[in-house]
Amino acid sequence: MHQQQPTNTRRNCLADLGMGFTGLALGSLLASDGRSRSATAADVPEPAARPPAKARSVIWYFMLGGTSHLESFDYKPAINRYAGLTIDESPYRSTVLDSPHYRKNVRDFAGTPRALMAQLYPLQIGFQRRGQCGMEVSDWWPHVGSCADDLAVVRSMWTTDNDHAAQLQFHTGRHIFDGFHPSIGSWINYGLGSLNSNLPEFVVMGGGPGDCCGGVGAHSGSYLGPEFSGIPMSTDPANPLAFGTPGTSVSRIERTRQLQLLQQLNGYAAVEYPDDPIMRARIQSYEMAFRMQMSVPEVVSLTQETQQTQQAYGIGNPTTDRVARCSLTARRLVERGVRFVQIYDDGWDAHSQLKQNHSTRCAAVDQPIAALLKDLKHRGLLDETIVVWATEFGRTPGAERSDGRDHHPYGFSVWMAGGGIRGGIVHGATDEIGFHAVEDRHYVTDLHATLLHQLGLDHRSLEIPGHKRLEIDFGSPINAILA
Amino acid sequence: MPPAGEGEHLSQQQITVLSDWIAAGALFPPDEAIPASPSEWWSVQPVKRPAPPATDNPWVRNPIDTFIAAAHTQQQLTPAREASPPVLLRRLYLDLIGIPPTAAELNAWLNDTSPDRFERKVDELLARHEYGQRWGRHWMDVWRYSDWYGSRAINEIRYSQRHIWRWRDWIVDSLNTDKPYDRMITEMLAADEIAADDATALAATGFLGRNWYKFDRNVWMFETVEQTAQAFLAVTLRCARCHDHKYDPLSQTEYYQFRAFFEPHDVRTDPLSANLTTEKDATLGDVLKEGVSRIYDRELDVPTFVFQRGDNRYPDKDRPVSPAVPAFLGGSVNIQPVQLPAAASDPHLRPAVRNGLIANADRTISEAQAALQQAHSKQQTADLAVAERQQQLATQNPDQPARQTASEPPVPPIFADDFHTRSPHWKVVSGDWTWQDGVLQLPTVASFATVVAEPVLPRNCRIKVRYRTLQPGSYRSVGFSFDYLDTGNSQDVYTATGDASQTIQAFHRNAGQQHYPAAGIVKTPLQVGQEICVEAIIREQQLTLLLDGQQKLEYTMPLARREGRLVLWVHQGSAQFLQVEVQPLISTLADLQVAAAQAATGVKVATAGLAAAEAERESLSCRIAAELARCGLSTEPHQPLAEKAARAEKLAAIARTRSTLASTTDSAKVQELEATITKLQQEADSQGTQYSPLGPNFPRSSTGRRLALARWIASPQNPRTARVAVNQIWLRHFGEALVPSVANFGMNGARPTHPQLLDWLAAELIHNGWQMKSIHRLIVCSATWRQASTNPHTTTTNPANRWLTRMPPRRMEAEIVRDSLLHAAGLLDLQPGGPELPESDIQTLYRRSLYFRNTPNEKAGLLETFDAPNPNECYRRQNSVVPQQALALLNSGLALDASRHLAEKLITVAQTASAENHNLQFVRLAFETILSRSPTEQETTACLQFLQDLPTQLQQSDLPVFPAGTGTAQRSPATDPLQRARENLLLVLFSHNDFVTIR
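Residue numbers (this note's numbering), protein chains in the order written: chain A, 592 to 1074; chain B, 143 to 1141.
Bound conformation, chain B alone (with noise of 0.2 Å):
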């Protein structure tokens, strides 16, 4: 019923026709069937290995053979011949790994005579690791696999999870490593409770937190729920979310129950290393940058409820289910609460991680007994200078002062450029700049356009610019860099020549932040266009600023020198640099008396500094005893090792707080820290047991109910299972399932067209352990597989080939055309796994396709005009034949550039192969790189007219072009005119239907 207020009444006519049907009786129509009772469904009953029919037929190459022989023999059909032996590679590559054979490879194979070379090349297919990265994206639709996403400008995630993708890459290695399917879903629905140290199996639980929805449970129950039952059961459990199922017997509280299995999880990230980086979420704050998603039960006791009408506003909360598995699938589940080790309650004592804190605190104490040495090397350098110039003056007459004002004779300059020729010594970091006309120049407007010099500046200098600012921009801020460690640590002098202010100015970058103090700031009038000269007089911590040789700012630098470079810089401007000159300043007994002075706080800094490492790294080893302790990973008692945890902790807080003093000279900030000290001293002292852990603390133990559930699942004894994965297998191979309806074993779902055939090969698959590999060995090496995808004689006996007296031919997934387009050409990039690729890269990185990222809500427009899959739901691929796919081929970037490349890598073999006609050993190697055959006399024929006219077609002049778009081809055509028809003969192999046919 509708709510009140909604909806329509039904008309009197409508009430009538309905009463009166009553009124006769509610007789149903006479030749209506009445439906076979549940129980009796097939996809109810227990796997039973049916014998595979015995046959005398030649035709037969192993078991599965038999059943379809048996149904062909009913049926008055024949069978296809063998598909030919190139055809037959091409598919079997495209099927087994997803990209065609090269033509060496093609030709190696055709040429061996072997009786088992069919055979031997399955088994080296099923070995190679592309046979992983192309059954793991077939696993990845089944599975939905999701990159995350949400609101990529801030950061905020809302969708499945950050380092999904190590689930990815369990997918693909668990196939090459041809895990048992079974282990494969209790791994995926349970890692946690059976290998919760094995980072790489928990990875595995991939599959449930990708259901997680930042903004609604309910929404990622529902799909959880629903999903899991559908992908490996084959159940639409959906249907019962409301309401009891209208055609399975699945009543509405069985969904509840099944949701039950899932109630207490949750998902968080997990360290997987001492790299504990995080980053910022715009909402849930810091998380970890590097680390493994995964599952967990953290409320091991939250009921569940049944929703009335399946809203979840309507929680029956009388009635709480527990967890239980749909009755008319048979079995039951034991449930049994799992304990769980440390690693799993306390994921950061897993050994590569504390080991690896100490290692890196050990690390830090190197680094700080390296930096104390160094610093007592340069106090006695600074001291030595020191008493080497005392001594001097000492010793020269009195009459005669010494040499030490900033007015002495002129020292020739260690760096000088007037940009006449382009200098080796500069490095663009960023920007457009040119060298011409004797002017180093960025004429384009940018954000801190940088080059550096290479030479390391003497730390007492004088550094002299001249330059012209420009009129493009904004701020027109023009200037230089000493001190330059990198975009982001430099002491900084520039100009700002802006329309409403003209500014001189100094100020520094620290470890990433600029500062700009109000004493480095000097207004004074400046022209665009005007030829300036700045100059920059650096005296340890002072520097005086001249304009065109007038003084403007006398400064005392507030951040330490640093030993750096020279660098230029332009921002929201450009400009015009005319001369640069470096020159050193010999330094006064004043500025050697300040360095040496300096180099004494340094030596206390760094004392400071290597007992603030030590004292932190004996805090973290007795924080870790203490842990490992109170997880009960060690036998000693946890009282005392929390004590000396607590105070190791104090104390490690104290030597930070002391190195901080080191280098602290206001005194009221020191008076500050030095009461911070005595208050911890106190605490320290005070015989506490409060440390901080090394991270979050989570339940020591599990429910157990995902365990029980992927154990039902996961059983020989479960009449889906088997069946459901089976029956998706062939569906891979075949491009049609043996039962149709592929996630939907129902009543009102399809039946399989080979019953037997697929009990056969559930069977086959649970008594080889589960073991994948084995069932693809016996579907490609079965006749059935092998036939050619044309009969001439079932057109009309068998035309939707539900016989399967041909082999159907498939369209490549959106996948397969990109990776075999760029495999053809040479380009792909086999390397596997690590994070997602940007999609926006698709055309120009040249990695596997199942790579890049793909989310409901980004995906790459070159593969979804390929039907790429939808990551809510891809039980089966679209196989849709639309224009845009004719124009992705023959305009996307992708295709122009692998067919340019290609061109140049094939006519090369075509010129030093033989003495006979290029083009016609180029276009026979082009027919068997991209379509892995060799061209008919007719396409030949074809071919070598079109290389023959379109040169000349070419040579005309002004052929109009396309319109530029946003075109995004990176190579240009050949020059040639022959090679150029070359490339485009290459971009039409390309859009060829065989080359995107499987056949």
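Chain A extracted, bound-state conformation (with noise of 0.2 Å):
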């Protein structure tokens, strides 16, 4: 597609997009010249100040319902040590109560905040330290504890939502409370384009959350328009995509010719319209609808990777098959030019029963991540692909009900790993009890801040006329953690 606007410009082609004008899918466009949508246009202010790409996809876990750091990446002894007691009877009475952040930037549903949950609940289970650089990880995390090196675990994460919209607040940036928000793979997709000519630029896999917290707001482009939304794919081979196949009753001969005698009727009528761009944009949509369908299925056909690589990810086994699918469809997509790949695993809300819970997510989801960390490495991908682990919020250090914990915005612990992203490194801190995140803390935007920095983005220029975005929209890069 080179339907290239000489006469426009940069900020003309945005303004037109804000107005509705036609979604060429100009980043496409653009970087189907090899170059970035902000590296065409003749007036981006500030060409020196863009970043250099250290990174072009991003794969993109996330954790639906709040997976406790307490018990995965942010070891704190403390709390088995005053175990049972309240946070009143244990040391740390001030550290909670009294700290700048407590309660202030939460935003609770009808107003009323949630209950401190005060009896501290011992961890409920080991840590080790992994690695040369030792950090320590959970023992629910063996497989991925292992990859250690490559992980920068940042410890000091939070955010303002207290429920589980937080999902869509982690994907976005803003509280549900201020509305819908393009998610950030839709960012990533407007300001790259695609790599790639037969497959979506941002493929989304697993349920999404609920209505309840974001819904398809969390990988939706919002305002920069549909063909910025993650398109979801399922890993079934049968039905990969959303109206990907006709079903039996048409046979391939007849696709076929339907396209030759479609594009041959189209072209007799595109002579007769010369003026019109949107038709051959059309006729050129179709050849990639064309491609697409015969590509999609292409990529989802695992059987085409050796048992040795099935098995390391863990298909077959099935604890861990769902998420290996996803894992290994998700290395073969960035393979292929796909730029972001975000995908979900839902359950982790344990207010109950946390062991139990913890332990059974963490069995579906440790070995296939580690899995892919390992072979994106293995095939020199890993330089290229930053590969990010993240949840909505983490869980509290005192116990809810008898045996679980409840939502914990005030500080989390998320990981990234490739692409210009140091191994090996902790970054940021909670208080003893894993309660604030006290040192360095960060707002979720500088995760995406991050991102968009290792793709070559500068995260600030992003913006189109129209929607005005907040200061806590942009963030800022986590430099410490960049290579």
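Note that these hints are calculated values from the structure, not bench results.
Worth double-checking, as some hints may not be accurate.
Computed beta-carbon distance windows for the label pairs [stated by the list, open to error]:
(1) A:Thr951 <-> B:Tyr658: 27 to 37 Å
(2) A:Ala706 <-> B:Gln478: 42 to 52 Å
(3) A:His1058 <-> B:Val159: 25 to 35 Å
(4) A:Ser892 <-> B:Thr1083: 50 to 60 Å
Here the structure is a predicted model, which means the values were calculated and not measured.
All C-beta atoms in this analysis are idealised placements derived from N, C-alpha and C, irrespective of residue type, glycine included.
Starting from the two chains in their separate frames, assemble the complex, guided by the hints.
Listed below in structure tokens is the structure:
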């Protein structure tokens, strides 16, 4: 698609898009020349200020429900020491309640703050130092732990929603009360465009957030337009894409002939309307659709991988199979130039029976995620692919009911690996019982800014007219974890 | 300033740059244009009707063209030729009613030689109800229509309103009746203050109700304030939520003054009729199942505060603000409190509701009367039967006892089936029942798979069922019901062959509830696969159960017998039924006496029931009379009527209790009920005045704030309202607006491309009494609109078409793609109105697309692919071109079904038309039906070639097909390869650029 409009400056193009002109997927148009959107236009203000690209793709794991930071990447022995005491009775009363952050940022539904889970609940799993770097990772994450030297763990994340709409917030940077905004994957898709011509640029796998929690908003383009939304893909080779197959009542020869006739007829009409660029774009989109229809089944056809690879991810093992398929498909997608692959795993909301819940969930995701990291590294892809592991918030140091933990937005952990991120480091810290992020605090958009920076985009110049972004929307790259 | 601990400090270098600039005198660049004074900005000037430029240009058809032609002359541009008649007609249909012309309509019009055929067609289309559906969807975009959403699984609403579809229907109807736009605005903002007793008008306040947000009143209010300003006035008020507007002369205080208009308002649902049935909302509790969602002022003097930095946690309580309109738009408001009619304060007193309640009460009385009559005749019959039997016995030879025991000679069965053939007596209620090899089988596990036998059972009978329980399932419950009225009302007998325990059991279902009395459960060993025979001997309330001839249970049925049918059922299991036999039993004298006693009780119960119904009616009419007096709807004094109502209500309660008492046998319960009656009687005699109102009461007055605001907005003096409206209309006729920033007429918005034309149209709208159809007529009849969509003269001189030297081709909106596809195939159901349809049915239900659920969380995938409107904000549609659209058109079940359906239809026509080449005729018809034009020679050749080649290719065996996926096509392709090729051709035409394009 080379519908260049040389007279249009970048601003004008974007203004047109904002006013609903035509989403000719400008990113793709420009990027198919091998240039990113920002690099193309004549009037980008400070080309020198744009960071050089360190990575070209992102694989984004997101644990829906809230993974306990305390039982994964943020070891707090003090909790065990004072287990059974209330926070009041422990030495940390002031640390928790007198903190300038306590209840300050949190915006609750219907204005009723969640109760403080007062009684400290002992850690439900042990920790070990892993890798050369010796970072502490819990025993529920042995496989990911074995990749410790590639991980940059950020232990000082915070957010402002104390309910599961924090899922939406993690992806858009705004509380659900502020409405829907473009998701991080959409910004990247918008900012960079495609690296391939037969696959969607932003793919989503696994069931996303529920309606309560932002729904498809967590991977939607919002005001950037639907062409920048994540496209749900299933790993079922028979049906990987919505409308991806007409079903068995259509033979392939028919489809080929249909396309031929269609392009022939459209071609006749195009002669009659030489000043209709949208028509030419549509003709091309049909070719792209045809290619997608043919290439997507190939991508999800995991039988092309060796038995060894399949086993390494955990395909065939009922515990890991689902996430393993998503993970291996993710590798195949970034290999083929897909920019952003979002993988959801649901069910982490351990209000009770945390031990049972987290041990099961970790068993489902640990091996596949680690296998992906190793596979990418082995193939030399980890240098240009950022893998993110995140969740909407952590869980309380105090017990909920007798054996669970409640939502915890004040301090929690995420990690990143690859794509120019330093490995084997721990950045930021929570207080001694993992309550507040106290050192190098990072709001969720700092993570977004870090990704954009590594992908060679100036996170502050991604704006479109008519949609004012707030300071908090931009975030700042977490420089300390950059190689 | 970011809060302490957040954000980063300015770098030393940044500080130096700033300091140096200030030190140098803070100079601005010399070439920086000084913006005009805000008061000179075009969109705050009053609308004056400019005189259309004088012209003798023959191209000009009406005043619109004079403005356009003037710009053409100035820019030295030539307009495009007029579009060809077929293109023009298709454009007109899609523009005005959102569906293409049928081939018959097309040909009739092309053959019409009258000079005014175009204008007559315009009037015809504007008069069709599809016009309201088409333009209703446009205004639903602007006014942010959203169906309600929340957690649907637990029926919890979190956003918008139930019954909001009534607002959608109001929009459609208002457009169809050409309701003036100023009136529409007033009804949407304040119907409760001007038309409180008009439920149809009240639905208009859905404009406000759709903002309702369960979790945060402030979110709801922010949306209300900002979107009202944007939709009607193109004012970006949102910018002033936290600080003064950066571009427009609009202060933060004015934002909150605007909010003050809405501060007192809230939502509620009023009944529309006497149907007061409720459903359970997970958090709101019982809510009306049918009603109208509407706005009202709940708290009349609630203050409004400015939120510091827009943060609702920091209201400036020292500085309450009063309602006022933004000063820069001129004008002022005159707020007068509104006295409301009783229909508003007491919605249950509306004639439709109260008369309906009386009618319901009267119907209950008639039913009770009929029941009593029936009870009497039952009693007579029962008494007569006893008397006859006694007389028989008396006249019999005492040495020869009469037949009065169960061991009587066999009576022929009234119903028997060994399932050798499928008997028409059986009707499947649910489940995959099959008749084969002499068994009735339920092969797949289901929940209460049920099959019913036609004959009504005799009261006393013996039912014998032979069957075999099979392996699949968990409970493996297999059995039958008698006295079956429906799946929620029956007496039941079954065996459960679970792995852990097995039972034979009796239970009953009443009013949808299943009851399993312990006395009905008998443990007995049973095996899967074993053939068993269960026999039920039913005499009045007595039930005897036999398993393979062995008596297992002697049981008194707690639920009174009812007249009903026999059903077989299987629950969480599968089974084969081998034989069923129903044999009537001859009643003994004892049976007859039991029946007579029951009939006597029946009379007592029915008598008490009638008394209760009458008392209820009396209570209702007394309460209505008292309420009417209280609300000033009758001249009678309230006090005595209140006393009468209080007493009548107690008497009704007594009558109800007596009715319960009549059917109660348990002595403790009897005592309790009698005590209740004594207490109620004392209360009735106490001359109180407390009675239950018919429903909740609401304030008798409203602040009048929203009405004042509406009048200011919908005023000819308002510089924005008419301009914004005609600009939106223009956008939807041309795909481009005269002011491209349709929702921002502020100083950072765009300027009009044709300011004079915009003002002339705005003045015209006002002049025509704000009626929109006249504007549509003007636009589509203009030479400007009638241009072709290509213009070889201006490709380089007017590439972006700013000067309208051609009609910009547009892709159809999502709804129009689907509606047109279905309509062309002859499948579209144009039926208007009604509750929203599930978005998941978008491919299988053929109603127009605007009737399917669309919420921020729930969108029909098919429509979403084509940029379905975002209900949160859609002042203009996105218009993307993405590959998924191609996939949707080529692969969706909807498109496949439509092509296959239409191919069948068209070939029938093609074959009857003439003796010429059927394929040629088919191709012509296909083009006319789908693209509304004839094929060119090239196209015909290509299509005929396709129809010639593809059938041969299709005849090859073992054609590789696509994976099954979740393809939703309901029709199979034709078996004839040629017909199948024709179906393919239609699918291609539906994917043609010219199908989805409004040219």
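Taking the hints in turn, this is what the structure says about them:
1. The hinted window of 27 to 37 Å between Thr951 (chain A) and Tyr658 (chain B) holds, with their beta carbons roughly 36 Å apart.
2. Distance hint check: the CB atoms of Ala706 (chain A) and Gln478 (chain B) are about 48 Å apart, consistent with the given range 42 to 52 Å.
3. Distance hint for His1058 (chain A) and Val159 (chain B): a CB-CB separation of about 28 Å, consistent with the stated range 25 to 35 Å.
4. Checked against the hint of 50 to 60 Å, the pair Ser892 (chain A) and Thr1083 (chain B) fails, with Cβ atoms roughly 40 Å apart.
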